[in-house]
Amino acid sequence: MSLKKCAGVAAWFVLASLGVLMLAACNGQVGGSCHYGPPFEAEVIVTGVEDGEVRARLLPGPLPAPLVAGGELILRAPTESVSVGERRPVSVRVIESGTCTPVSAAWR
Numbered sequence: 000m001s002l003k004k005c006a007g008v009a010a011w012f013v014l015a016s017l018g019v020l021m022l023a024a025c026n027g028q029v030g031g032s033c034h035y036g037p038p039f040e041a042e043v044i045v046t047g048v049e050d051g052e053v054r055a056r057l058l059p060g061p062l063p064a065p066l067v068a069g070g071e072l073i074l075r076a077p078t079e080s081v082s083v084g085e086r087r088p089v090s091v092r093v094i095e096s097g098t099c100t101p102v103s104a105a106w107r
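Start counting the sequence shown at 0; every next residue gets the next number (numbering that gives the first Met the number 0).
If you are wondering where the hints come from, they were derived from the structure by calculation, not from laboratory data.
What you are looking at is a predicted structure, and each value in this text was computed from that prediction instead of being measured.
Check before you lean on any hint, since a few could be wrong.
[To be verified] Ranges of calculated distance between the beta carbons of each label pair, as one might list FRET restraints:
(1) R56 x G36: 18 to 24 Å
(2) G47 x R107: 17 to 23 Å
(3) G97 x E49: 27 to 33 Å
(4) G84 x H34: 33 to 39 Å
(5) S32 x G69: 27 to 33 Å
(6) P37 x S80: 28 to 34 Å
(7) E95 x V67: 26 to 32 Å
(8) S96 x P59: 24 to 30 Å
(9) S32 x A68: 27 to 33 Å
All residues carry an ideal CB built from backbone N, CA and C; glycine is no exception.
Based on the provided sequences and hints, a complete structural model is requested.
Here it is as structure tokens:
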């Protein structure tokens, strides 16, 4: 494993241990080509809605590393209205290679 990749993995474990995951939920590339793992179905609870973005916390359930229950996702607002406190299903994919957004999440 390259030193750069190892440092990235270590950084994720530090964030996960603190229970703080600020994850952008867009697929924007930062550089190079990227490959995401298979989608995981998860459930979130909406904690905020502002300026076309929705903040949501992951609820307990089977989640791939480095995701943890209580971790925060930032998603684009769905076409239908969404309210704080609402529980919603999402599809989450974790990056496996490349330097794009670490997590891709979308409403189901």
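Now the hints, each set against the structure:
{"no.": "1", "hint": "R56 x G36: 18 to 24 Å", "verdict": "holds (21 Å)"}
{"no.": "2", "hint": "G47 x R107: 17 to 23 Å", "verdict": "holds (20 Å)"}
{"no.": "3", "hint": "G97 x E49: 27 to 33 Å", "verdict": "holds (29 Å)"}
{"no.": "4", "hint": "G84 x H34: 33 to 39 Å", "verdict": "holds (35 Å)"}
{"no.": "5", "hint": "S32 x G69: 27 to 33 Å", "verdict": "holds (32 Å)"}
{"no.": "6", "hint": "P37 x S80: 28 to 34 Å", "verdict": "holds (30 Å)"}
{"no.": "7", "hint": "E95 x V67: 26 to 32 Å", "verdict": "violated (18 Å)"}
{"no.": "8", "hint": "S96 x P59: 24 to 30 Å", "verdict": "holds (28 Å)"}
{"no.": "9", "hint": "S32 x A68: 27 to 33 Å", "verdict": "holds (31 Å)"}
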